[in-house]
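Enquirer: Residues per chain are reported as follows:
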Amino acid sequence: MAEPILEVRGLVKHYPLTQGILIKRQIGAVKAVDGVDFDLGTGETLGIVGESGCGKSTVAKMLVNLERPTAGVIRYKGEDITRLSGRALKAVRRNIQMVFQDPYTSLNPRMTVGDIIGEPYEIHPEVAPKGSRRQKVQELLDVVGLNPEYINRYPHQFSGGQRQRIGIARGLALRPEIIVADEPVSALDVSVQAQVVNLLDKLQTEFELSYVFIAHDLSIVRHISDRVGVMYLGRIVETGSDAEIYEHPTHPYTQALLSAVPVPDPTARAHRERIILSGDVPSPANPPSGCRFRTRCWKAQERCALEVPALAVPAEFRLTSGPAAHDSACHFAEEKHVVP
Amino acid sequence: MPEPHEPAEGAIAGTGAGGAMDLAASEATTLTPGQQGGAGGPGAGGPARSLWSDAWRDLRRNPVFIISGLIILFLLFISLWPSAIASGDPLDCDLANAQKSSSPGHPFGFDGQGCDVYTRTVYGARASVTVGVCATVGVALLGSVLGGLAGFFGGVWDAILSRITDIFFAIPVVLGGLVLLSVVTSNTVWPVIGFMVLLGWPQISRIARGSVITAKQNDYVQAARALGASNSRMLLRHIAPNAVAPVIVVATIALGTYIALEATLSYLGVGLKPPTVSWGIDISAASQYIRNAPHMLLWPAGALAITVLAFIMLGDAVRDALDPKLR
Amino acid sequence: MATEDPVATEAPTATEAPPLLEVRDLHVEFRTRDGVAKAVNGVEYGVRSGETLAVLGESGSGKSVTAQAIMGILDIPPGRITSGEILFHGQDLLKLKEEERRKIRGSGMAMIFQDALSSLNPVLSVGDQLGEMFTVHRGMSRKDARAKAVELMDRVRIPAAKERVTQYPHQFSGGMRQRIMIAMAMALEPSLIIADEPTTALDVTVQAQVMDLLAELQRELNMGLILITHDLGVVADVADTIAVMYAGRIVEKAPVHEIYKAPAHPYTKGLLESIPRLDQKGQDLFAIKGLPPNLMNIPPGCAFNPRCPMAQDVCRTDVPPLATVTYEGLTAERRSACHFWKETLRG
Chain A
1 MAEPILEVRG LVKHYPLTQG ILIKRQIGAV KAVDGVDFDL GTGETLGIVG ESGCGKSTVA
61 KMLVNLERPT AGVIRYKGED ITRLSGRALK AVRRNIQMVF QDPYTSLNPR MTVGDIIGEP
121 YEIHPEVAPK GSRRQKVQEL LDVVGLNPEY INRYPHQFSG GQRQRIGIAR GLALRPEIIV
181 ADEPVSALDV SVQAQVVNLL DKLQTEFELS YVFIAHDLSI VRHISDRVGV MYLGRIVETG
241 SDAEIYEHPT HPYTQALLSA VPVPDPTARA HRERIILSGD VPSPANPPSG CRFRTRCWKA
301 QERCALEVPA LAVPAEFRLT SGPAAHDSAC HFAEEKHVVP
Chain B
1 MPEPHEPAEG AIAGTGAGGA MDLAASEATT LTPGQQGGAG GPGAGGPARS LWSDAWRDLR
61 RNPVFIISGL IILFLLFISL WPSAIASGDP LDCDLANAQK SSSPGHPFGF DGQGCDVYTR
121 TVYGARASVT VGVCATVGVA LLGSVLGGLA GFFGGVWDAI LSRITDIFFA IPVVLGGLVL
181 LSVVTSNTVW PVIGFMVLLG WPQISRIARG SVITAKQNDY VQAARALGAS NSRMLLRHIA
241 PNAVAPVIVV ATIALGTYIA LEATLSYLGV GLKPPTVSWG IDISAASQYI RNAPHMLLWP
301 AGALAITVLA FIMLGDAVRD ALDPKLR
Chain C
1 MATEDPVATE APTATEAPPL LEVRDLHVEF RTRDGVAKAV NGVEYGVRSG ETLAVLGESG
61 SGKSVTAQAI MGILDIPPGR ITSGEILFHG QDLLKLKEEE RRKIRGSGMA MIFQDALSSL
121 NPVLSVGDQL GEMFTVHRGM SRKDARAKAV ELMDRVRIPA AKERVTQYPH QFSGGMRQRI
181 MIAMAMALEP SLIIADEPTT ALDVTVQAQV MDLLAELQRE LNMGLILITH DLGVVADVAD
241 TIAVMYAGRI VEKAPVHEIY KAPAHPYTKG LLESIPRLDQ KGQDLFAIKG LPPNLMNIPP
301 GCAFNPRCPM AQDVCRTDVP PLATVTYEGL TAERRSACHF WKETLRG
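Chains as they are written, first to last, in full-length UniProt numbering: chain A, 1 to 340; chain B, 1 to 327; chain C, 1 to 347.
Okay, chain A solo, but in the shape it has when bound (with noise of 0.2 angstroms):
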């Protein structure tokens, strides 16, 4: 992997549960994050998957600043920013920005086209100087397949995937290194999901970006991502390059999330083998013990309850070099084939 532009160490967020109304008093907390770790190479994409609740969102919000961290590091360069403030902050947040799920809710109403696009400049007004901003925007406009004239529009003339567009623009306005992309889009039409798709590949190669990637949709994440990780609980319980997870997947959890995702070919349906995962996914506020999967896995022993199993290369593989040989969060890692 190339040099890392960004280092995540430990990272948790913990959301204070708290009773009373004018005195407050904790009684719990919800364990959103509850300790993720890795790295993301400079121009590569990191894809981050997991269902609704398993804290994917969070660490998006954690890596561009807009939650801090109960505990952990997030290093850009080598320089922690999680606990930066004024100047400082500022600066950091000119080269990690943010594409927004929902087009609808990400544009303000009330500003056009091009007040939303030119804001970046007004926040950092050293980028562009006052003059060139118009024109800057209309090339934007243009990077990201939208009409330049359109910049004295309002975001409710616009379909979805046009709105996704105009909200890419604004991430790329500051030329930042990271983009962290929140299901970009997971809220768009099926046959506009591949224009926006095949766009953010397009700006990655022209603007040297670093993405991660965050969505519940694994074939996306497979055709976007370098490297995946997969979700659960507040934790990573596998990562790998896309090779490694969607080929030799060694956690029951990627396993089973693999093996439910529908495939478009109804000849599949025959010898396709399922994994049905019984039950919900545990409340984060009360996770269970020892290995957060144990209560829906079919596989877990008394060991899981009581041991966290680490995120390493299972001892299984520790001596393989193959496919199967990436870091697990499992005591009884095995290989198995889900995809067809």
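Be aware that one or more of the hints could be misleading.
[Said to hold, decoys possible] Which bits of chain A does chain B cover? Going by a derived footprint, with three or more residues having C-beta under 8 angstroms, they are:
(1) 69 to 81
(2) 87 to 97
[What the hints assert, rightly or not] Residues from chain C shown here face chain A by an in silico Cβ test under 10 angstroms; the list is partial:
(3) 99
(4) 173
(5) 207
(6) 236
(7) 238
(8) 239
(9) 260
(10) 261
(11) 262
(12) 278
[What the hints assert, rightly or not] List of simulated lysine-lysine pairs, BS3-like, C-alpha gap at most 25 angstroms:
(13) B:216 / A:24
(14) A:61 / A:77
(15) C:342 / C:261
(16) C:148 / C:162
(17) A:90 / B:216
(18) A:61 / B:216
(19) A:77 / A:130
(20) A:202 / A:136
(21) C:162 / C:143
Please keep in mind that the hints were generated in silico from the structure rather than gathered at the bench. Glycine included, every Cβ here is placed at the ideal spot set by N, Cα and C.
Starting from the known structure of chain A, arrange chains B and C on it as the hints suggest.
Expert: Okay, now just chains B and C, sitting in the frame of chain A:
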């Protein structure tokens, strides 16, 4: 909900850019709304317009808005230049004319002091409109600033402010007026306005707080924060414009009720005091003669009712235009 | 349908059986302040007992509006059914009085919605809501209805049904709530179920459970199922027949195996090529250019023509009819509304 979910998505879509990969090709095959202008048909690619101009477009077609708007314009006009339609002096009274009914030159007759009712009704608009407008502006400013800040920053200040508004809500308005205003000796409209602002701001503050909290949760506010925007930029640029609509609606409706409240307080003798000319004072005076000379009550009371109704109707129309979902 | 394929052994339908539901030339429009939106423009489809018809389309394609018209829950106004017939057991629903239609809803046909939380009443326990189906429609006593409710919850495999019957909707997870919705829809054993994106709001691992349950109950009760979705993956797993909608029309209708093998409409083809697949990592995704049509201003001729790579002059002037597609080896009915379906099929 005037628009169904399904077609709404399609309806929002203008025509425009295609895939980024073949930008030139798709631009050539699709229409550019900007060039289409108004000819592109409604919804498809009309000229650029903001939500405010959308609301204005709706309002212009609403007969309720037109009628109430005309009444209010007329009221504003006569409160600024009453002499334009009433040549007499409202304080020029002759006891000899007391309680006389209408006669040439005096269409509404005379009141108990022998003053011309028509002149007094016209001149009374000024007090009502002044109190209504000033109280509303004061209430809206104070309420939205306090409520908006509490909603934006949350935490302790929000908790304290919420409790304070609860306390103010518990004060009965008329009783509060009787107690507080009875100690005031000033003859101007300001104590009455001050009292209304004091008791009225919690209503607006609560609405402003709620709508700021709603607006704050939108992703575009988060996006601005991620760009490094300051609190004041987020509040003024992103939150305020999106949170102001409910405040405007409630304030417009409240304006009518403040005018009615002024009349009530004046009627009870703690509001405006003679020689100020006000509908409330005249209604109060006329109530003694209601059997002998009902015309004395009818004109100022009618003017008051129409004014209050006009503002409430205006508020309704504005609400429909700004927030179609409430319909 | 689809019986020619050896894999599809679970489709027990006889091709000769009269359709349970038949929609003929349905037109629906919405009057909004910006103009008239033509949401449904001549939809035709039918479903037999025991058959699963998947109606595939994007937002604005008219798939949900058609379903609402069938159920009789369309908001009128602003909606308006301008023409067409909806035959249910041979009877035109559009000619019935509201009172008669209400009787059919629930006992004859039922609907499952995407958002189970907002479809359930938050202040009534799930037992009360399930039981209501029996007290209102079947005149059962409250006690019997409660027993039925527990039975239903067992049937949709909600664990500890006896204890949970008194709980409220918010105490259940998303997947469990969708099971309760399914239980309510199945309660009176209707002959037709319309499921509008029943698993879209659920997580992947829960989606599969719920979809399996729905398919299993449908087989057991031999119901007709109309599955409305935008997800080509879900459709491939459960459908017998697929109807693809675009701009308020059916553009292609085919047995599930045929359509995935060789689509006969460029829109279907584009959709199939544009979805990223779990088992493939390509460089660029194929993308359909342009945007879904504006329903206030549907392009003349074929509505898909501005986005279609095969469009010719005729596509911009003539609306293509929903023509019968024939080729060697095809045993079931297949249709395509493309002037060039032969060329599309050939690839």
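Enquirer: What are the numbers of the hints that this structure violates, sorted from low to high?
Expert: 1, 3, 11, 19
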